[in-house]
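A.B. asks: Position chain B against the provided structure of chain A, taking the given hints into account.
As a plain string of letters, each chain reads:
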Amino acid sequence: MEAKENRDFRDAVVKAVGDSIFTCYQCYKCSAGCPVCFAMDLQPHQVIRAVLFMQRERVLSSRTIWLCASCETCTTRCPNEINIAKVMDTLRHLQQASGNQSRESKIPIFHNAFLASIKKSGRVHELSMIRDYSLNSGDFREKLKTGGWRNDVKLGIKMFLRGKLKILPPRCKGIKEVRNIFHLSEEHKKT
Amino acid sequence: MRISFFPGCSLEGTAREFGESIQSVCKSLDVRLEEIKDWSCCGASSAHCTSEYLSIALPARNLSIAEKTGKDLVTPCAACFSRLKTAAAMITDESKADFEFPCTGKISILHILEFLCQHDFSEKIDKLIKKPLKNLKAVSYYGCLLVRPPEITDAEHWEDPTTLDILVSRLGAESVFWPYKTECCGGSLVLTRVDVAKKLISRLLDMAGEADADCIVTACPLCQANLDTRQDEIASEKGVGQEIPVFYFTELMGLAFGLEGTGKWFRRHIVDPRPLLKSKNLI
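For the record, the sequence lines run as chains A and B. For the first sequence, this note's numbering assigns the number 145 to the initial residue and increments by one for each residue that follows. For the second sequence, this note's numbering assigns the number 48 to the initial residue and increments by one for each residue that follows.
Treat the hints with care, as some may be off.
[Stated by the list, open to error] For lysine-lysine, the following DSSO-like pairs were computed, each having C-alpha atoms within a straight-line distance of at most 27 Å:
| # | chain 1 | residue 1 | chain 2 | residue 2 |
| --- | --- | --- | --- | --- |
| 1 | A | K250 | A | K264 |
| 2 | A | K333 | B | K285 |
| 3 | A | K263 | A | K310 |
| 4 | A | K263 | B | K143 |
| 5 | A | K230 | B | K153 |
| 6 | B | K327 | B | K311 |
| 7 | A | K317 | B | K84 |
| 8 | A | K159 | B | K143 |
| 9 | B | K311 | A | K302 |
| 10 | A | K264 | A | K333 |
| 11 | A | K289 | A | K250 |
| 12 | A | K310 | A | K287 |
| 13 | A | K250 | B | K285 |
[Stated by the list, open to error] Anything over 12 Å on all C-beta distances counts as not near chain A; from chain B, calculated:
| # | residue |
| --- | --- |
| 14 | I50 |
| 15 | D140 |
| 16 | I154 |
| 17 | L157 |
| 18 | N182 |
| 19 | D212 |
| 20 | V223 |
| 21 | L238 |
Hints were generated in silico from the structure; no laboratory data involved. Glycine is no exception: its CB is placed at the ideal position from the N, C-alpha and C atoms.
Just chain A, same shape as in the assembly:
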């Protein structure tokens, strides 16, 4: 069962990004140029190798797949034209589908809050999106303990006074169409 799961995992990545992934010769160029490498538990070139070795658990439980900032440096520089940023995206999709909690749990929670904001009003409302993220991720509770909330409040007040925080959510008349896109996306995941 596990062996099949591991093979399916590799095949899903190959299907999404193409056969070019097999050409990786571990030149490290992706890792050398990665701006977030210092915080990663698996470096980008190690992720590619681990995918090819079908190490599903090792890859999907890594912090790396969520820490990747999608800056596209690796994809741009890869001598074998492997779309590494897309590999990372695919791994995030697979991680979310696995139903397990990530060690970088705040990052997917942020993305969910961002998408929920779009689903609600068609456009992102920064203020309520940040509120939802802080509450859902436990970030707010954590900052209450550490005192980190002071920096956030200070910045929030500065932004408000400078007219940079829109209080009322935006309106988009096409909201039904936008919600339908989300619905279709869920349908798409099932197929």
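C.D. replies: Same frame as chain A, now just chain B:
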């Protein structure tokens, strides 16, 4: 000249001064920006991190609205630009049946920097300059998604882009070379892994200082917000560090053109750029 405009979500909030300066500068260049009707969010990074379908279908809705106007589409946000261009590239004849809003790719998608750096504008810009930005030393910051990946952005020089540098020099400022033009600012991690984002921001600020620049010039609402908002936190954590103003390039255009309203834009910055501009006799 009329062109379709996709402002993106941040122009209504954190990047208001970008929106305001774009409107003023375009007006003086006789460009009429026509906001596309009822646009919705492009989905940004959150969509492509979550579902490929969503990452294409969300921008596709906007593309199909824009295509109805028949005019090319300009956007000021690097993330919107990247998502719109990616969707346009991904919706092919074979795949379009999957999407509710198929677009045909008949219009061009341009970032506002690319648009204003077109050859046709250079003479006009030269004529409009009333107050050259003398003695202002600026590093041009392009960030990630304006240039990468070049297959999507159509950037000519993705490792060492020059369009913004050329424009800054055209305005009379000194464009200072630095090696971090396209290094990531960590914008996508600023709420979730502040420690990582601050490290990336800090690197950029330090390098701008090392290059002896007075300010950083950006063309992306996310990069500007990210570089502008965390400077005092970073300075107090390090115990050293001087704050450096971060401009939108259109603000500098407006300043050089002598447009009204520049004061209002500069007041919106977290790192107040006015002391610097005063010291250079530019305001």
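A.B. asks: Holds or violated: K333/A with K285/B, Cα cutoff 27 Å?
C.D. replies: 46 Å, violated
A.B. asks: Going straight from one Cα to the other, do K230/A and K153/B come out at no more than 27 Å?
C.D. replies: 26 Å, holds
A.B. asks: Does K263/A pair with K310/A here, judged by a C-alpha cut-off of 27 Å?
C.D. replies: Holds: K263/A and K310/A sit about 18 Å apart, inside 27 Å.
A.B. asks: Decide, holds or violated, for the assertion that all CB atoms of chain A are farther than 12 Å from the CB of L157/B.
C.D. replies: 19 Å, holds
A.B. asks: K264/A and K333/A were given as a pair; does the straight-line alpha-carbon distance stay at or below 27 Å?
C.D. replies: 21 Å, holds
A.B. asks: Quick one: work out the minimum CB distance from I154/B to chain A and report holds if it exceeds 12 Å, violated otherwise.
C.D. replies: Per Cβ check, I154/B is outside 12 Å of chain A; nearest 19 Å; holds.
A.B. asks: When you look at the beta carbon of N182/B, is every beta carbon of chain A farther off than 12 Å?
C.D. replies: Since the minimum Cβ distance to chain A is about 27 Å, N182/B lies beyond 12 Å and the statement holds.
A.B. asks: Would the hint linking K263/A and K143/B be met if the CA-CA limit is 27 Å?
C.D. replies: 23 Å, holds
A.B. asks: Starting from K250/A, check that the Cα of K264/A is at most 27 Å away, please.
C.D. replies: 21 Å, holds
A.B. asks: Checking one constraint from the list: CA of K289/A to CA of K250/A, max 27 Å. Satisfied?
C.D. replies: 17 Å, holds
A.B. asks: Is the Cβ of D212/B farther than 12 Å from every Cβ of chain A?
C.D. replies: 20 Å, holds
A.B. asks: What's the verdict on K310/A and K287/A, does the C-alpha distance respect the 27 Å limit or exceed it?
C.D. replies: 23 Å, holds
Hints 2, 21, counting from the list given before, are not met by this structure.
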